[in-house]
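Novice: Please model the complete structure; the sequences and the hints are all you need to start from.
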Amino acid sequence: MNSYLAGIFIGLFMVLAYYFSGEGLGASGALKSVVVASVDAVNHDYASNASFFKARVGGEHSPAKTWLVFEVLGVIAGAIISAAFAGRLKIEIGKPTHITNKKRLIAALIGGALFGIGSQLGRGCTSGMVMSGMGVLSLSGFIGLIGIFGGGYIIAYFFRKLWI
Amino acid sequence: MNKSSILLVVLLVIGAFGTFIIDTTQREPFDKVQPCDLIDIIAQTNKFVTTDELARKIMSDDPTLTIIDLRSKTEYDKYSLSGAINIPLENLSEEKYEDVLNQDVRTVIFYSNSSDLAVKAWMLTSRLTYKNIFILQGGLNRWVETILKPKPPKETALRTEFEMYSFRRAASSYFGGGSTVGETTIKKKVALPIKRKKKSAAGGGCD
Amino acid sequence: MGPLFPQELISEEINILIGFFIGIGFGFFLEAAGFTNTKKLAGVFYGYDFVVLKVFFSAAITAAILLFFLNHFGIMDISLTFYPKTFWIPTLIGGFIMAFGFIIGGFCPGTSICAAVTGKIDAMVFVLGAIIGIFAYAFSFDALWKDLRNSGAMGNVNIAEWMGISDGLFILLLTVVAAVAFFAVTIIQKKVTANRDYEL
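Chains as they are written, first to last, in our numbering: chain X, -18 to 145; chain Y, 0 to 206; chain W, 16 to 215.
Hints were generated in silico from the structure; no laboratory data involved.
In this text, all values refer to a predicted model and were calculated from it rather than measured experimentally.
Among these hints, one or two may not hold up.
To give an idea of the chain X side of the interface with chain Y (calculated C-beta under 7 Å), a few residues [to be verified]: (1) M(-18); (2) N(-17); (3) Y(-15).
Built from N, CA and C at the ideal position, the CB exists for glycine as well.
Specialist: Okay, structure coming up:
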């Protein structure tokens, strides 16, 4: 699909999210909800006392019953629908050919962990903070943009062996 | 770039131009009021309510009536119209009063000692596009002159003036005027009818 | 007048249902744009594919333009929506950490979820890594992150106001810069891929 058209449609869905729910599109927030809910289920006392969890448990609903969690469930459904139509549903490891599978998976694990930490510290990830923040012209979205993409271009050279 | 990409990008640029043009040409309603419009607004007479009309409304216990006393708290405590809510002019823009003032069901009447505070308050609220707001013509001074201490008309006056006089005398006794002018009348003190829609900014997001 | 849910004009159940359907749209177009392909995503940093930049900016600009109009004509009140508060220090540092995550891992959380459910094993590992990262962050929150996370607080800051220009002018400048960038990256991409074949 034309990249700009896809972007415009994503922008439209973001506006709908703001109009109906007052929420931006997001992803890492839902992963956090899953983490909070699972810690709460395993050890409720700990979750009620540690300051990271305290603010997020103890509501009338499970911490996993949030708008973002359901939005991400929708993302899962939407991605599967699109991939099914385009014939892209296939089990594989996405990587450049010169990288071994093991190397790629270790890199993905480390990258994921860094993204997890960064998104919590930075109050949101690429979609939740930067893209949705830019939509409402929040300064924080543009700072995040500089951090992620500006930072990416600075360090890209050192990790070029992973990709090219 | 292929044709459709160029078309879509041009579309975005046109949209952005639209926001720019609207943002620079169309300011908020506040700035839009031009001096000549203001003169028109001030010159309108239908924003005034006479003391007789107000007296009639109070006596008939009109449920849609909201009377706002714009004077200071001390003046309000000394004397006020029955059922009036005290909102000193300088507090008028406070958020807690917005529900009282910004609605279109009730008739809101502003008064002060003369008309001046009420006119100022009315200008403010009309710029905020609040509806059904009126000013008590002549304020409390006129109220005392006409309702609490009505003067009999000359014997040569029209019959309507005599009718008005007899109404005012009746009103005067209703409001405890006449011989007991100046004494505080028994008045219903009204609490602010504040019902706010729950409005809260959404939290959450990706945070 | 919007937003509907924060003003309790729709119930929580409907809100969550709408969230699900909006998610379907978001996921569909993320996948359709090719965001499940980690090589395409990384391409933005190496110049052989700029799909991330194109989709990202056209989405943000579309939303900015439409939200501006909706807010301007009183159809919805942006101040009642999720407005990311600005904490510039943790956002900048967090952004930099995410840059490492992006280049090393080849995904961001939204794209990794899409890719994981459409069968990319590396994306599944990335999601696992992200969850581990959030766990690690959560358990070390008091010791390591608490003060840093709340530093540099600026409240709700609108970037146009912060720069001292009108919203409309800012959106126009952003769009013009983006449009120029779109043309520039098309040329860059042609040059980079002319010298070497990049399998996508």
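Novice: A separate judgement is required for each hint: does it hold in the structure or not?
Specialist: Here is what the structure says about each hint:
no., hint, result
1, M(-18), "violated, 11 Å"
2, N(-17), "holds, 6 Å"
3, Y(-15), "holds, 4 Å"
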